[in-house]
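Construct the complete structure from the given sequences, taking the supplied hints into account.
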Amino acid sequence: AQKVTQAQTEISVVEKEDVTLDCVYETRDTTYYLFWYKQPPSGELVFLIRRNSFDEQNEISGRYSWNFQKSTSSFNFTITASQVVDSAVYFCALSEAGSGGSNYKLTFGKGTLLTVNP
Amino acid sequence: ETGVTQSPTHLIKTRGQQVTLRCSSQSGHNTVSWYQQALGQGPQFIFQYYREEENGRGNFPPRFSGLQFPNYSSELNVNALELDDSALYLCASSRRAETQYFGPGTRLLVL
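Going down the list, the protein sequences come from chains C and H. First residue of the first sequence? That's 1 in our numbering, and the numbers climb one at a time after it. First residue of the second sequence? That's 1 in our numbering, and the numbers climb one at a time after it.
Just so you know, the hints here were simulated from the structure itself, not pulled from any lab data. We treat Cβ as the ideally placed atom computed from N, Cα and C, and that holds for glycine. Don't take every hint at face value.
[Said to hold, decoys possible] Chain C is nowhere near these chain H residues, computed Cβ spacing over 10 angstroms in every case:
no.	residue
1	S7
2	L11
3	G16
4	V19
5	H29
6	P62
7	R63
8	L67
9	E75
10	N77
11	A80
12	L81
13	D85
14	S86
15	Q100
16	F102
[What the hints assert, rightly or not] Distance windows between CB atoms, simulated:
no.	chain 1	residue 1	chain 2	residue 2	range
17	H	T14	C	K70	47 to 55 angstroms
18	C	V85	H	S7	22 to 30 angstroms
19	H	E54	C	E17	39 to 47 angstroms
20	C	K16	H	E54	43 to 51 angstroms
21	C	Q57	H	T20	43 to 51 angstroms
Structure follows, in structure tokens:
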């Protein structure tokens, strides 16, 4: 069974600090997808990134970067020079490709509440 | 914005009642997935509809049921509401195995 662990329940930083959100996953499949979503207080889940299991290249998008390491089953998310608008709950999620019509359901971690203080 | 809409935004029901939640998928998407998010938890998969057929179900009892219509919009029905059904219900649309984009959710409170 697939599982996602976000060990950090809450993180509080001061604006302009860098912050890394940790994500560890478990899966038996060799083909799978990893995601990060952001959930502001309004409740809507906002898609940030999707990686497939065959692509271990790190990715940078503006102040956001992601580090995918299959050897440690981790997919960590770093925000550089954090801003107050980054305050939200961040979820890591896993989807297995499966076989025979898999529904590619998302399995989420419990989320990390990030608070960026001015 | 994702183009995924949900209605209503908020709902208050009493125990034992029935509720129907609605979701309109993003243009070009043929798959709708429903998730339940209890307070302080990550979303939990309820079920998915692909081309009007249920395509997988999470660990939810049969009183949770759904439909998908020819225009790919979807409904989630919950019968015999229980207090523990109070949660944020999220709908996500996608093209089959591709990235799921979420709507704003429906907050259900069962008294």
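Now for the hints, and whether the structure bears them out:
With a least CB separation of 14 angstroms from chain C, H/S7 remains clear of the 10 angstroms interface cut-off, as annotated. At roughly 14 angstroms, the least C-beta separation between H/L11 and chain C is larger than 10 angstroms, which holds for a residue marked as non-interface. Residue-level check passed: H/G16 sits 26 angstroms from the nearest beta carbon of chain C, beyond 10 angstroms. No Cβ of chain C approaches the Cβ of H/V19 within 10 angstroms, the least distance being about 18 angstroms, so the stated non-interface status holds.
Residue placement check: H/H29 keeps its beta carbon more than 10 angstroms from all beta carbons of chain C (closest about 13 angstroms). Against the 10 angstroms criterion, H/P62 stays outside the reach of chain C, whose nearest CB is about 18 angstroms from its own CB. Distance check on H/R63: its Cβ is at least 20 angstroms (rounded) from any Cβ of chain C, clearing the 10 angstroms threshold; non-interface status holds. Against the 10 angstroms criterion, H/L67 stays outside the reach of chain C, whose nearest CB is about 16 angstroms from its own CB.
Interface exclusion of H/E75 from chain C stands, the closest Cβ pair being 18 angstroms apart, more than 10 angstroms. No Cβ of chain C comes within 10 angstroms of the Cβ of H/N77; the nearest lies about 19 angstroms off, and the non-interface call holds. Against chain C, the non-interface label of H/A80 holds: every CB pair exceeds 10 angstroms, the least being about 25 angstroms. The Cβ of H/L81 sits about 20 angstroms from the closest Cβ of chain C, beyond the 10 angstroms cut-off, so the non-interface label holds.
Listed as a non-interface residue, H/D85 keeps its Cβ farther than 10 angstroms from every Cβ of chain C; the least gap is roughly 17 angstroms. With a minimum CB-CB distance of about 14 angstroms to chain C, H/S86 clears the 10 angstroms threshold, and the non-interface call stands. Interface exclusion of H/Q100 from chain C breaks down, the closest Cβ pair being 6 angstroms apart, not more than 10 angstroms. Distance check for H/F102 against chain C: the nearest CB is about 4 angstroms away, which does not clear 10 angstroms, and the non-interface claim fails.
At roughly 49 angstroms, the beta-carbon separation of H/T14 and C/K70 lies within the given 47 to 55 angstroms, and the hint holds. For the hinted restraint 22 to 30 angstroms between C/V85 and H/S7, the CB-CB distance of approximately 28 angstroms keeps it satisfied. With their beta carbons about 46 angstroms apart, H/E54 and C/E17 fall inside the hinted range of 39 to 47 angstroms. Remark: the range hint 43 to 51 angstroms for C/K16 to H/E54 is upheld by a beta-carbon distance near 48 angstroms.
A hinted range of 43 to 51 angstroms for the beta carbons of C/Q57 and H/T20 is consistent with their spacing of about 44 angstroms.
In this structure, the earlier hints numbered 15 and 16 are contradicted, and the remaining ones agree with it.
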